[in-house]
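Taken in order, these protein sequences are the chains called A and B.
Each step along the first sequence adds one to the number in the working numbering, with nothing skipped, and position 79 is 82.
Each step along the second sequence adds one to the number in the working numbering, with nothing skipped, and position 331 is 334.
Simulated from the structure, these hints should not be mistaken for laboratory data.
Predicted model, so just to flag it, every value in this text is computed and none were measured.
Don't take each hint at face value.
All copies of an identical chain are treated as equivalent in the list; a pair is satisfied when it fits inside any one copy or across any two copies.
No more than 20 Å apart at the CA atoms, straight line, and that leaves these computed lysine to any residue pairs for SDA-like [to be verified]:
#1 Lys50 / Ser95
#2 Lys326 / Ile247
#3 Lys139 / His249
#4 Lys370 / Arg323
#5 Lys107 / Gly251
As a plain string of letters, each chain reads:
Number of protein chains: 2
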Amino acid sequence: MVFKIIRKNIMIVLYHNSKSREFKNLRTYGSVFVGAMALFSTKVETKEFMADPITPWDKLRKNPNSMKAKMELMIMKVQKDFCRALEKEEDSEFKFLVDRWERKEGGGGITCVLQEGKVFEKAGVNISVVSGTLPKAAVAQMRSRGKNLSGEDGNLPFFAAGISAVIHPSNPLVPTIHFNYRYFEVEDGKETQWWFGGGTDLTPYYLNSADAVHFHRTLKDACDKHDNSYYPRFKKWCDDYFNIPHRGERRGVGGIFFDDLDSPNQTACFEFVKDCANAVIPSYIPLVQRHKFTKYTEVEREWQLLRRGRYVEFNLIYDRGTKFGLYTPGARYESILMSLPLYARWEYMHTPEENTPEYELVQVLRKPKDWLKLINEKDNDS
Amino acid sequence: MVFKIIRKNIMIVLYHNSKSREFKNLRTYGSVFVGAMALFSTKVETKEFMADPITPWDKLRKNPNSMKAKMELMIMKVQKDFCRALEKEEDSEFKFLVDRWERKEGGGGITCVLQEGKVFEKAGVNISVVSGTLPKAAVAQMRSRGKNLSGEDGNLPFFAAGISAVIHPSNPLVPTIHFNYRYFEVEDGKETQWWFGGGTDLTPYYLNSADAVHFHRTLKDACDKHDNSYYPRFKKWCDDYFNIPHRGERRGVGGIFFDDLDSPNQTACFEFVKDCANAVIPSYIPLVQRHKFTKYTEVEREWQLLRRGRYVEFNLIYDRGTKFGLYTPGARYESILMSLPLYARWEYMHTPEENTPEYELVQVLRKPKDWLKLINEKDNDS
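Throw the hints in and build the complete structure from the sequences for me.
In structure tokens form, the structure reads like this:
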């Protein structure tokens, strides 16, 4: 096992929900013990974060203005804020399980997971702060995106710090959210190249225009503080990226997505990314509050599982991050696959009947909407 | 829609199992109507097969000894035999739904699906007989496997006929089976290159050595009729192919797998492939009969769903056929993704406790067994 896992919390995670397990005393395994392990862990030392930062405190304090330190502290804070905001919406017996792991090759991460809660079926909020030498494939991928890297393949020192989260709620009327914000540094000879990337996107099971507009509006407000061209450009980029070509469908109702952001300057980029990350809570938590107690039917639950099958298809077949992660030797696959739902369903030739809410959703997935009616043709072409 | 679908059966497929759907009258959609469509279809004309062959009868009768015709008729018969054998094990109200589809670019297929039966949760048996011009990516992939194709990329006429099936039973004590047998022809200038490929493999949720030995013994008997080196070589090939590198696990307990078979001659290869395809029923149906009525627990069901998540990971991330299919423009993705289970589950950091049946299975998946204790070191290296 490449990763050393240190559980830093004393919270008990109850993995079993209320559904009956008639024979559960006959055989115990797996998850019960994973949950129970948390009982014997040590007390959380850090109030500000979910666990101690990956970079030692003294090193962070020595270089408080370096982008590496600023980014690490920012994503640690966003992780804590988001986990606590989600826990507030959840039944009080369900708390995030915190896994702090170290990477043999350098750095590590903190994976926070809440499984089989009442409000959240599976919620994962992960940060990672890693460094080392770029694998050949990564250099090739970066070059194919237009990065001018002159060093020899596989011999470029890098640093990456990012936060990534996927929240799959129990109630089919509450959408799934995903976000990811990251900072990258590559040392190429004497020069250090850096850039930011990320995005936030929403995957509803039932279309609610007010939700979609609220979500996009909140993201646009964060973008507009920095550059009026950001929202229309990054909204289109998001629609293009979260695409399932074989189905002819987008994964959800979009949001924003960008990569290789390195202008106008490092501080401005950081402030933009920070504002986007901080927009996650106001963009999403109100939707959870609005719908988490709404009654739903078995038919709606089955449709949710079917759509989660599509989510799995996107993540395992097309998502650059997932594919790249899984093909990287020594990658922590449990943190990568944390994005997969607890349950998913595949049915042969399932097609919703016309004039049903399920059909209405699929229409929007086939042809993304301009939710804020703000993007003119010119912007849309960018 | 690229495919014209003709439903050729009058059987009613009941998509809904006995589990309660408290609110099912509130909203109807999708699957109910897919099932209902079958009611209005025309009567099956063909007794020998599940539907009319893809190639017109008169063309087949004109060239009864061509390998194209022999292969098409063989896979059509195997499809019928296997579907009927499965239906015999199933509650009589559940029958295969038959979808005969045509491909704009040439040829078509017959997809037989039984969903949410009592014995089989999802069973798909698909044949396809297609022809056209090879896409560039296919030519490149074939060359990378050592095929000497001289024609210009993307300009090689081809013919392919194959059968492919995945059976996901309801009871976690009944294993999942997959098999696929195919014949390929490529016209390269004046020369026609041809080869066969295929395999049969078993994915149990609980290890049963007697089952695994019976399964491997049946496949070995089919192999030994043709060449004593086949079973050991193809058994190892199977273990190597159905591998999930990021988990360090095989998909199941293996079976046989081979590709590019073109010796000693076409007839001998065909007879071998036919014997393998005909070995599916005796290798698998006894396992269904042994365990289909065995009582199982909720814990065993959850473990089955978790292992089905791994099945999805293999199929969507690593399987050459699935990936290649989905990246081919105009591919019939519903027939490709038919292999996915009805339900799957992903749990963060699930690890079975030592000395449990779940743990025992994982040990064998991590280190494939020589079930028949017949493969010596020399064979194993081939």
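Consistency of the hints with the structure:
no.: 1; hint: Lys50 / Ser95; verdict: within (19 Å within a copy, 62 Å between copies)
no.: 2; hint: Lys326 / Ile247; verdict: both (15 Å within a copy, 13 Å between copies)
no.: 3; hint: Lys139 / His249; verdict: between (29 Å within a copy, 18 Å between copies)
no.: 4; hint: Lys370 / Arg323; verdict: neither (22 Å within a copy, 30 Å between copies)
no.: 5; hint: Lys107 / Gly251; verdict: between (41 Å within a copy, 18 Å between copies)
The structure shown violates just one earlier hint, number 4.
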